[in-house]
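Q: For reference, the chains in residue letters:
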Amino acid sequence: MTLQERLDAFKASFESGAPPFNVPRSAIEIMHRATEELRQSGQAERALGVGARVPAFALPNQDGQIVSSADLLAGGPLVISFFRGHW
Amino acid sequence: MMELEALQAVLPEFRELGAALIAISPQRPSYGRAVCRRAALEFDVLSDEGLKVAQAFGLVFTLPSYLEELYRSFGKTLDKFHGESAYRLPLPARYVVDRQGQIHGADVNADYTVRPDPEETLAQLRGLSANSERPAART
Numbered sequence: 008m009t010l011q012e013r014l015d016a017f018k019a020s021f022e023s024g025a026p027p028f029n030v031p032r033s034a035i036e037i038m039h040r041a042t043e044e045l046r047q048s049g050q051a052e053r054a055l056g057v058g059a060r061v062p063a064f065a066l067p068n069q070d071g072q073i074v075s076s077a078d079l080l081a082g083g084p085l086v087i088s089f090f091r092g093h094w
Numbered sequence: 005m006m007e008l009e010a011l012q013a014v015l016p017e018f019r020e021l022g023a024a025l026i027a028i029s030p031q032r033p034s035y036g037r038a039v040c041r042r043a044a045l046e047f048d049v050l051s052d053e054g055l056k057v058a059q060a061f062g063l064v065f066t067l068p069s070y071l072e073e074l075y076r077s078f079g080k081t082l083d084k085f086h087g088e089s090a091y092r093l094p095l096p097a098r099y100v101v102d103r104q105g106q107i108h109g110a111d112v113n114a115d116y117t118v119r120p121d122p123e124e125t126l127a128q129l130r131g132l133s134a135n136s137e138r139p140a141a142r143t
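As they're listed, the protein sequences go chains A and B. Start counting the first sequence at 8; every next residue gets the next number (the numbering used here). Start counting the second sequence at 5; every next residue gets the next number (the numbering used here).
It is possible that part of the hints are untrue.
As the list claims (entries may be wrong) - SDA-like, lysine to any residue: derived pairs with alpha carbons at most 20 Å apart: (1) 18/A / 31/A; (2) 56/B / 50/A; (3) 56/B / 60/A; (4) 56/B / 35/A; (5) 18/A / 5/B; (6) 56/B / 92/B; (7) 56/B / 77/A; (8) 56/B / 78/A; (9) 18/A / 56/B; (10) 56/B / 62/A; (11) 18/A / 115/B; (12) 18/A / 71/B; (13) 56/B / 59/A; (14) 56/B / 26/B; (15) 56/B / 55/A; (16) 18/A / 116/B; (17) 56/B / 68/A; (18) 18/A / 75/B; (19) 56/B / 64/A; (20) 18/A / 26/B; (21) 56/B / 31/A; (22) 18/A / 121/B; (23) 18/A / 6/B.
Unchecked claim - Here are a few chain A residues that sit away from chain B, every Cβ distance over 10 Å (derived from the structure): (24) 13; (25) 23; (26) 24.
Unchecked claim - Label pairs and their calculated CB-CB ranges: (27) 20/B / 30/A: 22 to 32 Å; (28) 105/B / 25/A: 17 to 27 Å; (29) 20/B / 39/A: 17 to 27 Å; (30) 34/B / 15/A: 45 to 55 Å; (31) 36/A / 34/B: 28 to 38 Å; (32) 9/B / 44/A: 21 to 31 Å.
Just so you know, the hints here were simulated from the structure itself, not pulled from any lab data. The beta-carbon is built from N, C-alpha and C at its ideal position, and this holds for glycine as well.
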């Protein structure tokens with residue numbers, strides 16, 4: 008299964024209202040509304056895109072050690088994945 | 005989590021192309037530690053508490069109050085994870101950056117249930133290697 012197929016399967020299970028999540032339909036509709044509003048805001052299109060320069064950063068990793076974009080880029084190209092948490 | 009696991013699966017190919025991989029979330033380092041352990045990740049999960057870096061990428065949004073209420077009713081408290089009281093999150097995004105710091109691939113989506121396949125990211129990295137001197141593979 009591809010990543011998107013796995014995400015779709017999880018979403019279908021989550022939105023089915025069945026166990027283990029038992030999410031009511033009303034809650035699903037609220038989440039859909041929020042996603043739709045965010046889509047219509049156009050923010051995704053305004054975020055940094057192809058051709059822009061990556062902002063410099065230095066952040067702690069999972070062990071509390073500071074990792075900087077300068078150090079990472081000194082070794083070669085870099086893939087950055089921003090994620091919100093559980094998904 | 006599913007996306008991080010999918011990225012972990014292609015990490016050897018990223019490294020073969022000389023590229024590094026990191027994930028960034030607004031959560032505390034202890035959360036990153038738990039994620040790394042649970043998903044057996046071999047790349048760093050960076051903690052962007054206060055969302056300053058996500059902000060610099062233009063990714064931060066504030067949850068509408070009705071969604072905040074819903075999450076509260078679920079018992080999901082973002083402030084517990086983030087160490088901040090505002091209900092803010094980053095848009096999910098994946099970037100491919102060349103070693104000069106220029107962005108060559110950007111996938112940002114308002115719908116957090118839609119994510120690009122790691123194969124797309126690999127193709128972008130291969131494009132970088134084709135256009136420049138091939139960097140040494142990382143170990």
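Q: The structure should be examined with respect to each hint, and the outcome stated for every one.
A: To see whether the hints hold, each was checked on the structure:
1. 18/A / 31/A: holds, 14 Å
2. 56/B / 50/A: Holds: residue 56/B and residue 50/A sit about 17 Å apart, inside 20 Å.
3. 56/B / 60/A: holds, 16 Å
4. 56/B / 35/A: This hinted pair is violated, its Cα atoms lying about 30 Å apart.
5. 18/A / 5/B: Distance ~13 Å between residue 18/A and residue 5/B Cα, so the pair holds.
6. 56/B / 92/B: holds, 11 Å
7. 56/B / 77/A: Answer holds: residue 56/B to residue 77/A is near 17 Å, not above 20 Å.
8. 56/B / 78/A: holds, 19 Å
9. 18/A / 56/B: violated, 29 Å
10. 56/B / 62/A: holds, 11 Å
11. 18/A / 115/B: Distance ~12 Å between residue 18/A and residue 115/B Cα, so the pair holds.
12. 18/A / 71/B: holds, 18 Å
13. 56/B / 59/A: Holds: residue 56/B and residue 59/A sit about 18 Å apart, inside 20 Å.
14. 56/B / 26/B: holds, 16 Å
15. 56/B / 55/A: holds, 14 Å
16. 18/A / 116/B: holds, 11 Å
17. 56/B / 68/A: holds, 15 Å
18. 18/A / 75/B: holds, 17 Å
19. 56/B / 64/A: Status holds; Cα separation ~9 Å.
20. 18/A / 26/B: Not OK: residue 18/A and residue 26/B at ~25 Å, beyond 20 Å, violated.
21. 56/B / 31/A: With Cα atoms ~34 Å apart, residue 56/B and residue 31/A exceed 20 Å; violated.
22. 18/A / 121/B: Within the cut-off at roughly 17 Å; holds.
23. 18/A / 6/B: holds, 12 Å
24. 13: At about 5 Å from chain B, residue 13/A fails to clear the 10 Å cut-off, so the statement is violated.
25. 23: Given that every Cβ of chain B is farther than 10 Å from that of residue 23/A, nearest at about 14 Å, it holds.
26. 24: holds, 14 Å
27. 20/B / 30/A: 22 to 32 Å: violated, 41 Å
28. 105/B / 25/A: 17 to 27 Å: violated, 47 Å
29. 20/B / 39/A: 17 to 27 Å: Violated - the Cβ-Cβ distance for residue 20/B and residue 39/A, about 40 Å, lies outside 17 to 27 Å.
30. 34/B / 15/A: 45 to 55 Å: violated, 31 Å
31. 36/A / 34/B: 28 to 38 Å: holds, 34 Å
32. 9/B / 44/A: 21 to 31 Å: For residue 44/A against residue 9/B, whose Cβ atoms are near 29 Å apart, the range 21 to 31 Å holds.
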